[in-house]
Amino acid sequence: MAHSVEIDSKEAWGGGRSPFNLSYGKIFMWFFLVSDALTFGGLLISYGFIRHKYSEVWPKAENVFTHFPFVEQHIPLAYVGLMTFILIMSSVTMVLAVEAGHRMDKKGVIVWMFWTIVGGAAFVGSQAWEWYHFIVGTDEGALRSVWDQSVNNGAGAYVKQIWHGANMTVNEYGVPQFANYFFFITGFHGTHVFSGVVLNLIIFLNVIKGTYERRGHYEMVEKVGLYWHFVDLVWVFVFTFFYLL
Amino acid sequence: MSEFHDNYPQYEVMANHGEEEGKKNRRTLWNVFWVMLAITIFELVVGFLAPGKGWSGTLWLKTLFITLTLAKAAAIVLWFMHLKHEVKFFKWAILSPYIVFMFYTIFIVLTEGTYAGSSGKFTRVDPIFIEQQAKLKSGHHGAAAHTDDAAHTDAPADHH
Chain A
1 MAHSVEIDSK
11 EAWGGGRSPF
21 NLSYGKIFMW
31 FFLVSDALTF
41 GGLLISYGFI
51 RHKYSEVWPK
61 AENVFTHFPF
71 VEQHIPLAYV
81 GLMTFILIMS
91 SVTMVLAVEA
101 GHRMDKKGVI
111 VWMFWTIVGG
121 AAFVGSQAWE
131 WYHFIVGTDE
141 GALRSVWDQS
151 VNNGAGAYVK
161 QIWHGANMTV
171 NEYGVPQFAN
181 YFFFITGFHG
191 THVFSGVVLN
201 LIIFLNVIKG
211 TYERRGHYEM
221 VEKVGLYWHF
231 VDLVWVFVFT
241 FFYLL
Chain B
1001 MSEFHDNYPQ
1011 YEVMANHGEE
1021 EGKKNRRTLW
1031 NVFWVMLAIT
1041 IFELVVGFLA
1051 PGKGWSGTLW
1061 LKTLFITLTL
1071 AKAAAIVLWF
1081 MHLKHEVKFF
1091 KWAILSPYIV
1101 FMFYTIFIVL
1111 TEGTYAGSSG
1121 KFTRVDPIFI
1131 EQQAKLKSGH
1141 HGAAAHTDDA
1151 AHTDAPADHH
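Sequence lines, in order, name chains A and B. Per the numbering used here, the first sequence starts with residue 1, numbered consecutively. Per the numbering used here, the second sequence starts with residue 1001, numbered consecutively.
Please keep in mind that the hints were generated in silico from the structure rather than gathered at the bench. Keep in mind that this is a model prediction, so the values were computed, not measured. Cβ coordinates follow ideal geometry from the N, Cα and C atoms, glycine included. Heads up, a few of these hints could be off.
[Claimed, not checked] In silico BS3-like links for lysine-lysine, alpha-carbon gap of 30 Å or less:
no. : chain 1 : residue 1 : chain 2 : residue 2
1   : B       : Lys1024   : A       : Lys106
2   : A       : Lys107    : B       : Lys1023
3   : A       : Lys10     : B       : Lys1088
[What the hints assert, rightly or not] Not close to chain A: a few residues of chain B, all C-beta gaps over 10 Å, as computed:
no. : residue
4   : Gly1054
5   : Val1087
6   : Phe1103
7   : Phe1107
8   : Thr1111
9   : Phe1129
10  : Lys1137
Kindly generate the complete structure, drawing on both the sequences and the hints.
Here it is in structure tokens:
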């Protein structure tokens, strides 16, 4: 918690100390997260405009994302809900790891960070599974006009055919932009999750080695925890804008 | 290993606390988690029921989802990321760009966003969608609109 310390103004403005009672590293991580959030914000706003433009023909997410592993029936949004739960849980385990670090409880940090990494890896794996099913598509498919270069003596033309799955130019669910935004936004977010898992793993190994015990504080766990919470935060927004609205 | 040190005592160590305070913190954190879980389940249930009850696309539904999302985001930032307990100036240094950004975005979308849906002129778009849109605009909802979409358009009714 913030310790309120009495400092006279000459010392406060005298230089040679990090502001806000925070170390430089933590302040940097916060400002990096602000900039990254603006990047995601830009993507989501552009998604909003395009979705509004095509609002009559934009597919309903609860009709597209109905698959659940090992289950035959179509359960709308169930797997995405599970993914959200896993990611929020991993955020909880991360904050518990940070709290354990504040008590210099090395074993606690190890246990909670382990579960955070497991949760993150499960999320990335689930996202990959979702992409697989999105790309492969359903048996029914949909009628689409697909560009065929071999028609018209090589001049090419649009040919109506039943299309299955999705790629960057045509998908069975709706307008091409639906798939484009799905891949880009969830992919960009997934990259952040993956890099977060890698960073968590590195810090986890450092905790086991005892680097932070020697240092006297577990602030590195806190900094990497901030990044992890940011990743969770972005998912909360992506989940709402892409799947619910 | 040499680290950069201020003249001032290290903030990192100042943040450490004992078991007593740790227990209180943990209880608060778990409470925040339960609240977020409740909100998410509520959102999913509403999202699940929406098509069947004709709530889809309504303004109040969208406002509800966005408000709940902002509530969850606030919970994560303030408690999990600890921003609530930081020095006030720092908290506002991080939050005010967002608050300004949000209001500005809403303003711009409302005033300048009309071009996105007005003419409905699609360029180089699958003619199937233009047909669909024309049919919808002329009021032919129902069968015509659904034949070309993914076959699961009527999933809740068909498969349950």
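Exercise for the section: Please name the hints from earlier in the document that this structure breaks, with their numbers sorted from lowest to highest. Expected result: The structure breaks hints 5, 9 and 10; every other hint is satisfied.
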